[in-house]
Structures are given as C-alpha cells and as structure tokens.
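Chains as they are written, first to last, in this note's numbering: chain A, 1 to 315; chain B, 1001 to 1367.
Hints were generated in silico from the structure; no laboratory data involved. Be careful, since some hints might not be right.
What the hints assert, rightly or not - Dumping the calculated BS3-like pairs for lysine-lysine here, alpha-carbon to alpha-carbon at most 27 Å:
(1) A:Lys217 to B:Lys1261
(2) B:Lys1286 to B:Lys1190
(3) A:Lys55 to B:Lys1261
(4) B:Lys1190 to A:Lys64
(5) B:Lys1204 to A:Lys122
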Amino acid sequence: MPFCQVVVGPPGSGKSTYCFGMYQLLSAIGRSSIIVNLDPANDFIKYPCAIDIRKVLDVEMIQKDYDLGPNGALIYAMEAIEYHVEWLLKELKKHRDSYVIFDCPGQVELFTNHNSLQKIIKTLEKELDYRPVSVQLVDAYCCTNPSAYVSALLVCLKGMLQLDMPHVNILSKADLLCTYGTLPMKLDFFTEVQDLSYLAPLLDRDKRLQRYSDLNKAICELVEDFNLVSFEVVAVENKASMLRVLRKIDQAGGYAYGSTEIGGDAVWVNAVRQGGDPLQGISPQERWIDKKEEYDKYEWELEQKSTMDEDENEG
Amino acid sequence: MTDKEKKPCAIIVVGMAGSGKTTFMQQLNAHLHSKNKPPYILNLDPAVRNLPYEANIDIRDTINYKEVMKQYNLGPNGGIMTSLNLFVTKFDQVLKILEKRAPTVDHILIDTPGQIEIFQWSASGSIICDTLASSWPTCIAYVVDTPRATSTSTWMSSMLYACSMLYKAKLPLIIVYNKCDVQDSEFAKKWMTDFEEFQQAVTKDEGMSSEGATSGYMGSLVNSMSLMLEEFYRHLDFVSCSSVTGEGMDDFLEAVKAKVKEYEEEYVPEMERMKEIQRQTKERQKEAQLSKLMKDMHVSKDKEDVGLTVSDAEDEYNGELVDPDEDDGLTAEDREDMIKQYRVALGISDDISDEKLLEMLTERMKQ
C-alpha cells in the first residue's frame, strides 16, 4: 500500500522548495522516496525528478499550436494528463515501493473550476491503491494581516473541499516571520485556529471591512464549528519543523512503517519512532519569533552532539 | 461634492482561466465606444499573444516576457510574476500618465494576467490595487464562467474564492456571470437568494455523482459554507453578461456606478485616516532625528569650549551643560558628516553657521 503527498499551494508559497526539503529529509531517515513533477510549467527544477511531466508535455508547444496563453495551456496539459493517465500509472509502477511526493501546479483553477487533478489522484487511489495526503502551503506572511489570514483560511477550506482527501495545512517560510514586525496575535493563535471570535474585532477595525461585520462573524463561526483547519509552521531548512510536519502527515494518511524503512540517520529515526521531539511543548511564537536565535543555536548544538555520538559508536 | 473634479472609475478585471476576461474587456470597450465614452485601457498580462482591443498602456511594450524567462531562469508562471514585479517598479510613471488622461475619460479598464494568484498573493498585485484605489474610485470585476459553474461544488468554490479576493484586496467587488448566452445565470441568482434551492441542488449533485467517492462530510461542509456565504451575498452586486452578444453591459455599468458610491462613502474616509497616521509617523520620526541632532550639537559645542570660562550668556544659551568627558563614540569627521546630513535633510543652507543652526533648532524645539 504506497503512500504519497500531494503538494499544492499558490505560486511563491515554496512548494518546490518544500518538495526538495522533504525528499532530503526522507532520504536522511531512510525512507525510500521519489518526486513526481506534475507541473508542466514548473520553473527551473532543482531537485532530482523521478517522473517529470514535462518530458511528454511542452507548454510552449501547446501555446503555439492551440493559440492559448500560459494559463490555458496549463489547463489543457492537465486535461491531457487525465486523458493519458495510463502513462503516469505505468511510470509509477516502476517505483511501486517508494513514498511519492507530487509537486503540483499552483494554478487555483485546478482546485475550483477544474477537477482534472482530483480525478488523477482518484485514479491513482483506485488503480494503484495509493493513500494520498494533500499538503497545502501558504506563505506565513499572511499572519501579519488579519484579513489576509482570513483569505488564507478560505483558500485552505476550499482546497479541503475540492480535493477531498486527508489534508494538512502549512505556514511556510516561518524563519522569515521575525523580520515582518509584530503580529496582531501570537503565532499560536494562527496555527491552532481556535476561538476566532478574537479576530472579528480586528477585522472590524478596518472600516473597509466593517460593513461585512456579519460575514466576518459567519466565517469565524464556520471555521470554528468544523474545527478542521489548523496550520503547521515550517522552515524548510529546519529539520525539526520538517520532522514535526512529516509526523503530522503520516498520522493523516495512516502511514505505518514498512519495508521501505532502512538504517539511515539514527537520531532522527529514533525521533520519529519514539515520537520524541527535543522542542515538544515549545510554542511556535517562542520558537520562531521571540527566541528564534536561542533555539536555532540549541538545535545546531543538538545536531553536532548527535554527529559526535555516531562517530563514537562507529569507532 | 459639486466642487470635486469628476474622477474616472478604475475597473480591475480578474477571473479564472477560460472565464472570458479578455473577451469581456473587448465587448465592454466596444460598448463604451458606441456611447462615445472611450475608456482608457491598461493591459497587465505580459504573456498574452493577441489582444482583440487596443491598449493605451501595454506591459508588453516595456517588458519582454520571453526575455525575462530566459534571463531569470523561470518558467511561465515565474515569468509572469517577475514581469509584473518589474512593471510595478515603474508604476509611478503609469500613474502620472493616468493623471494626465483622467479628466478626459470616464473609465479606466485594467486587464490582468490569467494567473489570478498574481493579484491574490503577490506584492505587485497589492501595490497596483492600493495605488489605484488611493487616486481614483476602484472596483474589482470578478468574471465567472457561468456554464462551468452549474456544478454546486465548482460554484461554491468560485464564490468562496471571490470572498477570499474581497478580503485580500478590500475593494468593492462585482461578480460578472459571463457567457450567459450559453447558460442562463438565473440558477446562480436563485442559489444566492434561496438557501433551500441550493440545498436541493447539492442533494441532486450528490445523487448524480457516479464516482461515489464524495463523502457526506463534504456535503455537510458545502451546506455550512452556503450559510456563511449568505452573509457575503447580501453585500454583493452581480450582473449577467455575454461577451459575445454584448448583453448586460449596461447593467454592469450601473453596478459600477453603485460601487463608486460605495467607494466614496466607506473607502475614502479609511484612506484619509491611514494617510493621517502615516503623516503623524513621519512627524515623530522627524522629531526623533531633531533630538539626535540637538544632542550631537551640544557635544560639539562643549568640546570647543573646553578650558574656556562659561559666561552667563552661554549658560542661558546652552541650557543644561553636557559632561565634556561624555562621548557618543563619533570622531570629529563622523560628526561633521552627520551634521551635513542633517542640514540636507532639514533643507538648511550651508551658509548658516553651526551656531546659528543650533540657535534656530533651539527656537524650533521650544515651539
């Protein structure tokens, strides 16, 4: 029973960087994994790509032949993938035992007007027995502004609605948060998405949204009632945060350790299996804003110590 | 109000791929020309191949999309984002041109890239919306592909995205149901005004779903969302149009008028408030710099007087004396450079001596 992550999010939210970082982390803990690029219009790819849709679909050619803009060409390309999904199935069978990371296009049409992507994933579930988890990335910058945060909440709800699979929302680029100035609320408030009634007065403070006061309350009530949306905080270069997210994703998808797990980085393997986390219980506000430098140093020292321990064991 | 100069309305046209934004622009342009009110048109899509109308300002005239992709090693998406960012660095020039043209036109139409995320998530989109809104009444026309929106989940997602856009841009919003010659948009209006009608449609869609993979859980979420969005619809203007037949263009222009009124009632006061806050912030910064300058001048003055008898007049002139041994770590050269910078910043002529300058600043601080 193979497992996979479907990484979605708007352009600039760090999807490809996340894919590469996750791939490196999975390699470090000994989980065999591959990256599949489903974005025919992906920018310059920096990660090793086991399956690349651009080998069979050229967006430039599609634009020329059918007189489409880049967006229309992308929609056409996704429909082509859906129509020729057999190709994708055949390619994936070659990596039957690997954990798969899908890098998806950022176009929002794929989550609203179109269901090609959803159909592709459903076909994978049916034909190859895949267990997908969608991972939605949002730039953490949206926490600096209550209305931008509400905007992101709605986008995440929409993603959950359309993709219809286990879902994890991530605030990416958390390491940059301390450079944005003071947040209207502590970061914990934004990650746990609870008691949003505190947010409504902040929205009302802006006169341009005041007339939507009832709508503000309705949105907050909806999100609270479903109690579904929550965010993880991630900086791709930070191992601990990536590990925490991976554990969350594994819980969402029902992953259980199988034959793909081998040796690898002893400390991190132990951390995953024992559920141990050196920073467990530390609030995101402390970790990424109030005492970022202290914790960065602490984690660095911890890593150095684990490396020395390994050397001693080998010696 | 009668004294106010008549201002054109800026209309930013956004929408999903395939919803017919550019065709809508074309039809609106033709319609306004037929009424002898030619609009001023901006094209902000660097990747478009053929424009069916003539743009007064075109991003492609200044930025070569292909070259940007090549130079920065970007794909189509990154290329558009970067092109728009580059264009925004010159947006002040666009504003100047618009200011010159403003008295002669009634509408400014802005066509945006098909990548709706550009305006949703990037800084350049925010800059464009905010700078336009600070100069002229501005509204957003969100174009929906009506035939495709007949599915309840697709329609719900479109409405949710429109709501998201409203929160992000904070500008008045008009929803345009396009292609109503293909599919009448009456169903959408019913869904917005009658909750029960939408419920029945959801139930019907669930029954028709051949895949059966959709869980009742999602249906429950759609229901809750429709209740939430009911609040959204109450404040919303929507019109149905056809870019092919030209139907509904007058309705759209009427909706634009209503939005201009809304803009002037609610957005202008907020804009003024924010400007006032900004002015006060600058004032405080200026005072802080002035205090710093005073401190430096005191140190400089005292050093010159070390060893000399302090007269009564100088006592009164200097106020409280600073300890001569105290040093803020600046060398004489650094201090001179700083004083020169302050002169430039405050617009004071070099002809005035340091003592005169200090005297002027002292008087200024007392005021």
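Taking the earlier hints as the rules, which of them does this structure contradict?
2, 3 and 4
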